[in-house]
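K.L.:
Sequence:
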Amino acid sequence: MSAAQMSSASGTHVFEVIYYSVERYLDAGHYIFSDTFDVGGYAWTIRFHPGGDATETDSGEYAAVTLTTCLELMTKNAVVAASYDMALIDIPTGARWIGAKSVKAAFDTRSADGFWRWHLSRFRKRSELEASPFLRDDRLAIECTLTVTSGTRATDVVDTMHVDKLDDLRDKAAIQYIQTLCSSKESDGKLVYKSHRGHITANDMRCLTIPSNVDEPTKYLSINIIDAYTAHMMLYTKGRRLLCPVSYGAMLVDKQIVDKCSKLEHLSFYQNFTRKFFDYDLVFSPLLVTNGSGTRHWILVVMCTRKMEFQVLDSGRNFQQCQSTVQSLVEGIAQMTSMARMAYPSLPNDVAAWKIREIKNAPKQTDRCSCGVYIIKYMQYCWDGSKMHPDFTQEDIHMLRNKMVSVLIFSQLNEVAEAKEDVRKIMR
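Per numbering that gives the first Met the number 0, the very first residue in the sequence shown carries number 0; after that it's consecutive.
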């Protein structure tokens, strides 16, 4: 494989954090990230840790900013040397506070499942940040000035068939790994995935390894699987699309919880929480509904702010059985929006009257246990608020189920390095 040497290049990117008062409650080690930007032919992103970096002791009072490479196909197998400045800027006045000056860093994306990153564990004390003019109108602007001093990456076009074979090998190895762990009571509780969205044991992931010709309740996807995969998809979601964790929908359908949100001590937080929904064209909410017989079923409700309607994607054929739950969700969002309008009067005042529309031509399951995988597929760029891109079949769902095991294990969000290494050993 040949390699190309990249020449020096510079660029600047501004990452604007809106609704800081909402994001500041993230725990240490958790983060939000900017859109990717290009410098020197490489994709980069800025990460903002409102609660500090969990790898550092006593970091809770600091806001840590992390500059990372973005693992996309065009930048794989790259080794890059760079230097950068990281600063807070006051956009109206142009004032700057430089938290990092001429930091030299090395990046290496030759690893199959991750990347090296350079981060600032101590950027500025949270108390100083919140008292400064750089936090204005609940917004914070972070400016990165980056210079790529040298870089090398492979230039050979990788044979697509070879890539497919490698992916297939990894998928099979990951499934074998989970099946082996689940074959013993001593190891089926082993942790194989951990992130800010929770954790998954081998036994939790067993539902993804059962053959397609088996149709039984043990194949149902649990909440932690849905949440983990949704969080992974958000890393690569572009445009004005918000993929919500299951807890959002569960909270909004419960009127007692929604009523508590209006208490004075919670009011500001939930006003900002609700306001954020209207920054997006499409807000995807997975819902786990229970029918009269006690059977559970996953559906997806999409709040389409452009069309001012709620769209229901149901892989079953029982919309009537979940209609009351969807109505409760709409009422919860409407109540929260009314509460948020006290602080943000430009929000719509008629959400309760928005139409609820069943998407009748959404692909349907032909088994009894794939509803969770279907809502993952709906969210995976397939539904754009008007039509499915592309359409798909039950066979595509079986393939996605098998692939989800390796995707979750090798996700950059997964902190369980041992699981990744164990799967690699099986591949050798």
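No wet-lab data here; the hints were simulated from the structure. Hints are not guaranteed to be accurate.
To be verified - Lysine-lysine pairs mimicking DSSO-like chemistry, simulated, CA-CA at most 30 Å apart:
(1) Lys193 with Lys306
(2) Lys359 with Lys386
(3) Lys275 with Lys259
(4) Lys419 with Lys402
(5) Lys275 with Lys262
(6) Lys171 with Lys424
(7) Lys386 with Lys419
(8) Lys254 with Lys306
(9) Lys171 with Lys259
(10) Lys359 with Lys193
(11) Lys359 with Lys275
(12) Lys193 with Lys171
(13) Lys359 with Lys124
Said to hold, decoys possible - Simulated DEER-style distance windows between Cβ atoms:
(14) Lys424 with Gln379: 28 to 34 Å
(15) Gln411 with Arg316: 46 to 52 Å
(16) Lys124 with Glu417: 33 to 39 Å
(17) Asp395 with Glu215: 26 to 32 Å
(18) Glu394 with Met307: 34 to 40 Å
(19) Glu414 with Asp89: 34 to 40 Å
(20) Ser221 with Glu417: 20 to 26 Å
(21) Val13 with Ser182: 47 to 53 Å
All C-beta atoms in this analysis are idealised placements derived from N, C-alpha and C, irrespective of residue type, glycine included.
K.L.:
Hints first: check each against the structure and report whether it holds.
P.N.:
Hints and how they fare:
Note on Lys193 and Lys306: the hinted pairing is violated, with a Cα-Cα distance of about 37 Å set against a maximum of 30 Å. For the proposed pair Lys359 and Lys386, the alpha carbon gap of about 11 Å is at most 30 Å, so the pair holds. Between Lys275 and Lys259 the CA atoms are separated by roughly 19 Å; this keeps the pair inside 30 Å, and the hint holds. For a cut-off of 30 Å, the pair hint linking Lys419 to Lys402 stands: about 15 Å separates their Cα positions.
Between Lys275 and Lys262 the CA atoms are separated by roughly 19 Å; this keeps the pair inside 30 Å, and the hint holds. Pair hint Lys171 plus Lys424 holds up; C-alpha atoms about 12 Å apart against a cutoff of 30 Å. For the proposed pair Lys386 and Lys419, the alpha carbon gap of about 36 Å is over 30 Å, so the pair is violated. The hinted pair formed by Lys254 and Lys306 meets the criterion: a straight-line CA distance of about 25 Å does not exceed 30 Å.
Note on Lys171 and Lys259: the hinted pairing is violated, with a Cα-Cα distance of about 47 Å set against a maximum of 30 Å. For a cut-off of 30 Å, the pair hint linking Lys359 to Lys193 is broken: about 36 Å separates their Cα positions. At roughly 29 Å between alpha-carbon atoms, Lys359 and Lys275 fall within 30 Å of each other, so this suggested pair holds. In summary, the hint linking Lys193 to Lys171 is supported, as the alpha carbons are separated by about 21 Å, within the 30 Å threshold.
A distance of roughly 52 Å separates the Cα atoms of Lys359 and Lys124; the hinted pair therefore is violated under the 30 Å criterion. Between Lys424 and Gln379 the beta carbon distance is about 29 Å. The supplied range of 28 to 34 Å therefore holds. Our hint of 46 to 52 Å for Gln411 and Arg316 is violated, since their Cβ atoms are close to 37 Å apart. With their beta carbons about 35 Å apart, Lys124 and Glu417 fall inside the hinted range of 33 to 39 Å.
Asp395 and Glu215 have their C-beta atoms about 21 Å apart, which leaves the hinted 26 to 32 Å range violated. Roughly 36 Å separates the CB atoms of Glu394 and Met307, a value that falls within the hinted 34 to 40 Å. In this structure, Glu414 and Asp89 meet the distance hint of 34 to 40 Å, their C-beta atoms being roughly 35 Å apart. For the hinted restraint 20 to 26 Å between Ser221 and Glu417, the CB-CB distance of approximately 22 Å keeps it satisfied.
Range check, Val13 to Ser182: Cβ separation about 52 Å, and the 47 to 53 Å hint holds.
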